[in-house]
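Undergrad: One-letter residues, chain by chain:
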Amino acid sequence: MPARREPERIVSSVENMPRSWRRETKPHKFCPGCGHPIILKALGEAIDELAILDRVVYGCDIGCSLLSWDFFNVDSIQTHHGRTTPVIVGLKRARPEAIGIAYMGDGGGYAIGAQHLVNAAARDDKITIILCNNTVYAMTGGQLAPTTLPDQATETTPHGRDINLTGPPTLGPEMLAAITGPGAYVARGTILNYPQLKKIIYRALVNQMEGRGLSFVEVLSSCPTNWGTNARETLDYVKNKMGKVFPVGEIKVPGQKEVQ
Amino acid sequence: MAALTKIALAGEGGQGVQAVGEILAEAAFRDGLEAIYIPNFGVEQRGGVSIAFVQIGREKIGAPKFKKADILVALSQRAVERTRSYLTPNTLFVYDSSAIEPPEIADRAIGVQNWDTVAPEAFADQVGSQPGKPIQPPPAAKIVGIPAAQVAKEELSPRVFNIIILGAIIAASQILPPEVVKRAMEEKFREKFADKPQLAELNYRAFARGQELFQKFTAKEGADG
Amino acid sequence: MAKIVEGEQRRFITGNEVVVWGALAAGGDLMYGYPITPQNEIMHYWTRLAPRFGKGFLQTEDELSAGFATLGGVMAGKKAFSGTSGPGNVLMQEPISMAEMMRIPAVWIIQQRGGPSTATVIYSQQETRLTCFGGNGEGLRIVYSTASHQDLFDYTIKALNTAWRYRFPTFVLGDGYQAKMREAVTLYNPEERGIEIVPSEPLVLQPGTPARDRPPAHHRNTFNIEEELLAVLEEQIEEYESLAPQIAEWEEAGAEDSQLILVAHGVVSRAAREARDALARQDFPVGYFRPITLRPFPAAALRRAAQKSRGLLVMESAHGQLVSLVKEALYGLKLPIYTLLRPGVGITTEEAQEKARALLTGKEEG
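Protein chains in written order, with the working numbering: chain A, 1 to 260; chain B, 1001 to 1225; chain C, 2001 to 2366.
In case anyone wonders, no lab produced these hints; they're calculated from the structure. Among the clues, some could well be false.
[As the list claims (entries may be wrong)] Pairs of lysine to aspartate or glutamate, EDC-like flavour, derived with a Cα cap of 20 Å: (1) B/LYS1068 to C/GLU2354; (2) B/LYS1068 to C/ASP2277; (3) B/LYS1133 to B/GLU1081; (4) C/LYS2055 to C/GLU2201; (5) B/LYS1067 to C/ASP2277; (6) B/LYS1192 to C/GLU2041; (7) A/LYS29 to A/GLU49; (8) B/LYS1188 to B/GLU1081; (9) B/LYS1067 to C/GLU2354; (10) B/LYS1060 to C/GLU2227; (11) B/LYS1060 to C/GLU2351; (12) B/LYS1182 to B/GLU1022; (13) B/LYS1142 to B/GLU1221; (14) A/LYS41 to A/GLU15; (15) B/LYS1188 to C/ASP2277; (16) A/LYS29 to C/GLU2228; (17) B/LYS1153 to B/GLU1101; (18) B/LYS1068 to C/ASP2283; (19) B/LYS1133 to B/GLU1154; (20) C/LYS2363 to C/GLU2350; (21) B/LYS1060 to C/ASP2277; (22) B/LYS1060 to C/GLU2350; (23) C/LYS2355 to C/ASP2283; (24) C/LYS2055 to A/GLU97; (25) A/LYS239 to A/GLU210; (26) C/LYS2308 to C/ASP2257; (27) B/LYS1060 to C/GLU2328; (28) B/LYS1067 to B/GLU1081; (29) A/LYS241 to A/GLU174; (30) B/LYS1067 to C/GLU2351; (31) B/LYS1067 to C/GLU2201; (32) B/LYS1068 to C/GLU2350; (33) C/LYS2308 to C/GLU2252; (34) B/LYS1142 to B/GLU1081.
[To be verified] Residues from chain A that keep clear of chain C, each with C-beta distances beyond 10 Å, as calculated: (35) GLU49; (36) VAL206; (37) GLU210; (38) ASN230.
Where a beta carbon is used, it is the ideal one built from N, C-alpha and C, also for glycine.
Assemble the whole structure, with the sequences as input and the hints as a guide.
TA: In structure tokens, the structure reads:
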């Protein structure tokens, strides 16, 4: 009989939190199994490593991203739905030395906020936009989102998304890669690959610090609450269903031609 | 100088009434008077009657627009009809007495949001170039008819038609000293004609000519009367 | 503060140009805007003049982003402002609501045009209610209604000062006539006239590292339960109401023992005033009242004036938007309120006089 091994202890303590996280507002308010805390952890660690705590202004949208309004030890502004991008653009142009981060969901970026996203991209505004793609409007109860997958059931597509009626899911990074200038950084990460996600977010901040162009990161993320999935199903959905529709990786890196 | 003089100038869009209105108001300001100028703008501008409202006086001026004019200038038959209601028993009415058709702008658009205070250059060349019927002035106490379009076409250039009218207005009404008006014109045209001083000259000659035409008109009236 | 002119200068320019000189004189840093007639020339002049003073500008993709970018600029500590009209004003109510909730001291210049919808590009006073109360809140805003180019200059300076002093979104409410007309204005450097320029301050990125040297600034406009919201609003309302007497402004004449008081705001007040003066010269007992701030409305002053009179004639280029404000201020007073309502159309001195005279001589019941 094999010797019994102690299960590896995962020390889930405050000491493991990024220093840029605000302890007073933890535990956070996101649902169990939500992808937001993973993204925000990668962001927090990147802020720590770049030592830009006192230069960051963090904007968040309505929807579940709203729950991050007091998440960090950085100055933060919660805005109206879809308007995080223009607020951060307005602020960045007034204080160019600030690091402007606009954090939003798929609706805030690709629906109500789409035209601000597109125009910030066309102007190559020197800000970092991080978009959490969980294929639904979660906070409001799970309605159709621009990134809902074909045949996916949501509250407003109860029989499954019919792409003949509503179009196929939005490929945001691909669109932005096409319309931004050569200094833009555009990537798609996933909560399932934390080291890659961290690297992508880190690079998205550095790209802004070096003033090259727009930096945009979409992250494939989870919403078991609205998906109605257990842990295994949740991870499977992100990896095998979303992963097939939304390619993960760096899509545009400054200096390189757009990856076809 | 009356306490307040209200001047309405009306013409086809492109005849340049707004420029005349602006110059009058600017000149009054330079002369130390209270003045206000407001264009009408909006729906009818293109292919419609353009009206400039000017008020000049010694006291602060009230509402920017008015219903009755002390001086009414109408440079097309349509402008005459459109502004008939502005006449009072004492209004001085000035019009172009040439048998020359005012320029027509063919398209009618709604919601047009801009207008040319001076006719666009290509268009200005057509001002006062087509034969037509002379304007029928309305019944007014004092009528001054100046063949401005004809003189512009034959002696100067169709594009300074409106400045001839300006000269006649100044001579007929004596509301402002001509030198002050001339300086206001210089200011307005300085940038515009920075690299074409001969065009500025053309305008000054038109202004002088307009004043002369009024003198001639009065003399003729005196002779006929 | 850089001087905008040498000494004092008298100029003969359009209202939109005056606004820009006022914004520069007050230390305006940054304009975000979007084209809509009749305020476009504010952007045209700003983009030409502002660079001489090192000031910034961005034309954004719509009024929503212009307004929200303005909020971003203000939060960064700049005196940012925007301008709009008509349907643009309708869109602006979204960012304005955020400014109201969060006490963001942004400034807007509104040049009213015909409404509703696209209507005309020309003129009206139909955005009175919208500019005062257009958000989904209680209208805790400061609104100055200008009537002349001197007002546009003086009150654009005052708006930028007032916003940063009291921290409510602040408005200069003009109109298309004022925007496009030319009249004389005296430009001056405010400090040479003893007008203090209130400094701006950043609402984010204050000195120090957040959580180490100072608490992080966390700004939000969302609350969880009803009582939480009520507590916040009650505090804001109390502050607003206690400041109202310092902020409210008006002009009046001849209310004492008058038979009629002519009430108007903005450019229509010029016609009202001229009509009143003409009638007074003919020995009619007529008064005149012009609210300059529509928010906070000078209710107490109007009430005092109305109590000395036997009737009011409210005149506006809208259908009752000023009348509503007047009636609310005079609730309980028994005196007739007559109206001259011309939505989207200017009111001349002659019309004002005619209407007032008809009421005074009993030829009209109102």
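Undergrad: Against this structure, judge whether each hint is valid.
TA: These are the hints, each one checked on the structure:
1. B/LYS1068 to C/GLU2354: 13 Å, holds
2. B/LYS1068 to C/ASP2277: 19 Å, holds
3. B/LYS1133 to B/GLU1081: Holds, at roughly 15 Å.
4. C/LYS2055 to C/GLU2201: 17 Å, holds
5. B/LYS1067 to C/ASP2277: 18 Å, holds
6. B/LYS1192 to C/GLU2041: 19 Å, holds
7. A/LYS29 to A/GLU49: Violated, because 25 Å separates the two Cα atoms, which is more than 20 Å.
8. B/LYS1188 to B/GLU1081: Distance ~30 Å between B/LYS1188 and B/GLU1081 Cα, so the pair is violated.
9. B/LYS1067 to C/GLU2354: Holds, at roughly 12 Å.
10. B/LYS1060 to C/GLU2227: 53 Å, violated
11. B/LYS1060 to C/GLU2351: 19 Å, holds
12. B/LYS1182 to B/GLU1022: Distance ~13 Å between B/LYS1182 and B/GLU1022 Cα, so the pair holds.
13. B/LYS1142 to B/GLU1221: Given pair B/LYS1142, B/GLU1221 holds - Cα atoms ~11 Å apart, limit 20 Å.
14. A/LYS41 to A/GLU15: 13 Å, holds
15. B/LYS1188 to C/ASP2277: Not satisfied, since the Cα-Cα distance of roughly 35 Å exceeds 20 Å.
16. A/LYS29 to C/GLU2228: 18 Å, holds
17. B/LYS1153 to B/GLU1101: Judged against 20 Å, a Cα distance of about 12 Å means the pair holds.
18. B/LYS1068 to C/ASP2283: The hint is violated at about 24 Å.
19. B/LYS1133 to B/GLU1154: The given pair, whose Cα atoms are some 17 Å apart, holds under the 20 Å limit.
20. C/LYS2363 to C/GLU2350: 17 Å, holds
21. B/LYS1060 to C/ASP2277: Status holds; Cα separation ~12 Å.
22. B/LYS1060 to C/GLU2350: 16 Å, holds
23. C/LYS2355 to C/ASP2283: Cα-Cα ~16 Å, so holds.
24. C/LYS2055 to A/GLU97: 17 Å, holds
25. A/LYS239 to A/GLU210: Not OK: A/LYS239 and A/GLU210 at ~33 Å, beyond 20 Å, violated.
26. C/LYS2308 to C/ASP2257: 6 Å, holds
27. B/LYS1060 to C/GLU2328: Status violated; Cα separation ~32 Å.
28. B/LYS1067 to B/GLU1081: 15 Å, holds
29. A/LYS241 to A/GLU174: Cα-Cα ~18 Å, so holds.
30. B/LYS1067 to C/GLU2351: This hinted pair holds, its Cα atoms lying about 9 Å apart.
31. B/LYS1067 to C/GLU2201: The hint is violated at about 50 Å.
32. B/LYS1068 to C/GLU2350: 9 Å, holds
33. C/LYS2308 to C/GLU2252: Given pair C/LYS2308, C/GLU2252 holds - Cα atoms ~12 Å apart, limit 20 Å.
34. B/LYS1142 to B/GLU1081: 17 Å, holds
35. GLU49: Answer for A/GLU49: holds, closest chain C Cβ roughly 15 Å.
36. VAL206: Fine: 20 Å to the nearest Cβ keeps A/VAL206 off the interface.
37. GLU210: Given that every Cβ of chain C is farther than 10 Å from that of A/GLU210, nearest at about 20 Å, it holds.
38. ASN230: Since the minimum Cβ distance to chain C is about 29 Å, A/ASN230 lies beyond 10 Å and the statement holds.
Of the hints listed earlier, those the structure fails to meet are numbers 7, 8, 10, 15, 18, 25, 27, 31, in rising order.
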